[in-house]
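Protein sequence lines, in the order shown, are assigned to chains A and B.
Just so you know, we're using my numbering here: the first sequence kicks off at 1 and counts up by one.
Just so you know, we're using my numbering here: the second sequence kicks off at 1 and counts up by one.
Simulated from the structure, these hints should not be mistaken for lab results.
Watch out, some of these pointers could steer you wrong.
The calculated lysine-lysine pairs, modelled on DSBU-like cross-linking and capped at a C-alpha distance of 30 Å, are [stated by the list, open to error]:
hint : chain 1 : residue 1 : chain 2 : residue 2
1    : A       : K25       : A       : K92
2    : B       : K20       : A       : K142
3    : B       : K2        : A       : K142
A short, non-exhaustive set of chain B residues, derived as facing chain A with CB atoms under 8 Å [claimed, not checked]:
hint : residue
4    : G38
5    : E41
6    : A135
7    : T142
Label pairs and their in silico Cβ distance ranges [what the hints assert, rightly or not]:
hint : chain 1 : residue 1 : chain 2 : residue 2 : range
8    : A       : D487      : B       : G80       : 52 to 60 Å
9    : A       : P455      : B       : A128      : 44 to 52 Å
10   : A       : S110      : B       : D52       : 32 to 40 Å
11   : B       : D52       : A       : V381      : 38 to 46 Å
12   : B       : D52       : A       : D146      : 24 to 32 Å
13   : B       : L60       : A       : A334      : 44 to 52 Å
14   : A       : T544      : B       : R31       : 24 to 32 Å
15   : B       : L60       : A       : H48       : 53 to 61 Å
16   : A       : D103      : B       : R31       : 28 to 36 Å
17   : A       : T451      : B       : D122      : 50 to 58 Å
18   : B       : A92       : A       : A102      : 36 to 44 Å
19   : B       : D122      : A       : R417      : 51 to 59 Å
Quick reminder that beta carbons are idealized off the backbone N, C-alpha and C, glycines included.
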Amino acid sequence: MFDVDAALAGAQRLFDAGHGVNVFKQFVIRKGHASDAELDAVFAGAAHVIEGSYATSPQEQMYVEPQAMMAWWRDGRCHIVGSMQCPFYVHKAMKVLLACGADDVEIAQSVTGGGFGGKEEYPSMIAAHVALLARKAGRAVKMVYDRDEDIAATTKRHPCWTRHRLAVDARGELCAIDIDVVMDGGAYLTLSPVVLSRGVLHAAGPYRCPVVRVRGRVVATNHPPHGAFRGFGAPQTTFAYERQIQKLARLRGEDALALRKRLALRAGDTTATGQLLGASVGTDEVFAAIESVAGRPPVRDGVNAHGAPVRRGRGVCFYFHGAGFTGSGEQRLAGRATVAVGRNGFEVRSSSTDIGQGAITIFTQIAAAALGVDPAHIAVVDPTTSRVPDSGPTVASRTCMVVGAVIDRAARVLRRRLEAWGAERGTSGPLVELARAYAAEPCAELAETATYEPPPGIAWDDATYTGAAYPVYGWAACLVDVEIDLDTCEARVLRCVQAVDVGKAINPAIVRGQIEGGTLQALGWALLENVVYRDGKVANANMTNCIVPTFADAPELETLLVEVPYPFGPSGAKGVGEIPMDGPAAAVANAVEDALGVAFDELPISPEAIAATRPRWRLP
Amino acid sequence: MKLAFEVNGERRTVETSPWKRLLDVLREDLRLTGTKEGCGEGECGACTVELDGEVVNSCLVAAGQCDGRRIVTVEGLARGGVLHAVQRQLVACGGAQCGICTPGIAVCAAHVVDRGLIAGCDDATARAKIRDLLAGNICRCTGYQLIVDAVIAAAREVAPGTEGAR
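With the hints as constraints, model all of the structure from the sequences given.
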């Protein structure tokens, strides 16, 4: 059973836990209406109703280092080292698998060659395999997936189908939004419920609207399981709402950016879950940044280097992304991090992994700033479960913003404690000298562990799906110019500008790298990436045919960092890892529509997909 | 079979199957683990090395083909503890994230810079040429922008034909 509609119709019964046959999880969000009849009445009274159906394809993370893990046993204790995002996820899984205590198994992250969500939960699987094989063999066992095994077996982005209805009054204000989201979860539960949650929480978009209904379901099929991938459900629903908003702009003949600016959420507005937005809403700043560089749209018609006729177009989008865990997730998790006096300065200990996103550098900068010492005196300890507190998984755009803030707090307290110790014994001087003096004493380790504290006024109700879905949001706008070769139907991105409100760029090069990397993954998803299933198996499980953008496919990327500080992030920083993935696909679709005069509501917008629309092109 | 070749300026001999992949000879026999495997099918470029002055995917080269030839891996780019200009600029520009593609990109980009393949080009032409010349090296993290910046900056540092100000 490979079709979500067949699964929902109960063609076979793969799963039933009370949400409906084959429904892994369902969420409903309601705002501004008590019943479906009330919602229908708003639609009945609307000046315009825009309806659309949108489909997005599965996407492979394609970290360049495949999944890899090694295990060995010594004195009855299991040691596991490997490529992973979340050492304590693996630890938790091994405690269950091996029926052992926390100290009987140790998980160490090795240098990890990319993750993007693909090494969030899957490493527990391969860790289980090597742990059991190593116990049986009595020797160390290492397992490295071949690329085709990795693509065939590991979790990918959920394919998603979204039906979206938009009710608009005569003045062009949104009166109601009604959304139905269906994701294909595949054959196992994985992280599907949380992916769906983030998908539905972003589905109504960053727009003012008094009445909203969102229903989301993630469905069991016989496909390989889908799971975490940067954006985590939000890119799928963002694609749908930004296509809808574009259709509204076309209907009204209104400028695409001006319309978005007119409808966008600002401080004082409420989201679909009724969250009152306060600080760090960068809407106006993001629009101003995009407008400052937008310039004229590309010349419509031309000829490319191959002598083929081309048609060009421009698309924009506006979007947001909640940073950190959803709802009360961060409170439940209560992530901890430690800053300690070490042998050569200070140590930062957390389970947050550096998977290329720069966690080690950022933690070093945050701790150094809080302690008032040179970054050279900070050592970030490798995240091995026996040596670090559980700061939570390395996911959800939370490492810098959430864990960084905990480190910042721990470092400030440690500094006061160390200064007090110095004052007591009459020693003054730079903090590093005090640390050295302390380390030379035969006394207990001086370490400060801090625990996540929610910002004040954050309340979330899991039962009704209302309240503060996220402590804060990043805000972004994207502008894309495309050129379509009218002979081959290839769409090429001529220009891609992203303006992202990151709160504060603690390390601008790292933040740029995050935005640009996420942007290209999104452009790839829009135009050329796809995972093709045939009879429930991946039919393109090689890098030869499961393609991702190369240097030659990538446009020059323009990145505008917008800083509207978040009072509870370190130096005002907000999460940035995922947001760039959410918007560009819709901007591409909007641009291709602008060029050819025909709607593109499915991904990928491949040459074949464009060619299929040729009879409907409107090229005045 | 006994094979002899020059690796990073040193003569090395290994006793191995001629069918073994050069990638495995480098990583396992010679313990030069800087060269990475991303796909094993010549698509990702993480295993890029120079073979007699040509950039190749070492996962597609049989050890037997390397007898008597000259190989440069990422370990051979730095000289006397000084990084190659390309390596320095990858660091300075933020052109590396997770790092697994970086050795292959460094080898290929050093080849581009040292041979002056973008010398004398204006900035836009040079950027387009870099994108073409490095198209066999996939990076999933960076979006390539800061890597292109790094190669441009390295090329500015290095006069063509001088082996990279090594």
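Exercise. Look at the Cβ atoms of T451(A) and D122(B) and judge whether their distance stays inside 50 to 58 Å.
Key: Roughly 55 Å apart at Cβ, these two residues keep to the hinted range, so it holds.
Self-check item: Cβ distance range 32 to 40 Å for S110(A) and D52(B), holds or violated
Solution: holds (34 Å)
Quiz item: Is 51 to 59 Å right for how far apart the beta carbons of D122(B) and R417(A) are?
Solution: Taking Cβ atoms as reference, D122(B) and R417(A) lie about 58 Å apart, which means the hint holds.
Quiz item: When you take the CB atoms of P455(A) and A128(B), is the distance between them in 44 to 52 Å?
Solution: Holds - the Cβ-Cβ distance for P455(A) and A128(B), about 47 Å, lies within 44 to 52 Å.
Quiz item: If you check the beta carbons of D103(A) and R31(B), does the distance land in 28 to 36 Å?
Solution: Holds, at about 34 Å.
Self-check item: Status of the hint placing E41(B) at chain A (closest C-beta pair under 8 Å)
Solution: holds (6 Å)
Quiz item: Holds or violated: K25(A) with K92(A), Cα cutoff 30 Å?
Solution: holds (23 Å)
Exercise. Let me know if the C-beta of T142(B) comes in closer than 8 Å to any C-beta of chain A, holds or violated.
Key: holds (5 Å)
Quiz item: Does the structure keep K2(B) and K142(A) at a Cα separation of 30 Å or less?
Solution: Holds - the C-alpha atoms of K142(A) and K2(B) are around 28 Å apart, at most 30 Å.
Quiz item: Measuring from the C-beta of G38(B) to each C-beta in chain A, is the shortest one below 8 Å?
Solution: Given a least distance of 4 Å, the restraint on G38(B) holds.
Quiz item: Given the proposed pairing of K20(B) with K142(A), does the C-alpha separation stay at or below 30 Å?
Solution: Holds, because 20 Å separates the two Cα atoms, which is no more than 30 Å.
Self-check item: Whether the CB-CB distance between L60(B) and H48(A) falls inside 53 to 61 Å
Solution: At roughly 58 Å between Cβ atoms, H48(A) and L60(B) fall inside 53 to 61 Å, so the hint holds.
The structure agrees with every numbered hint stated previously.
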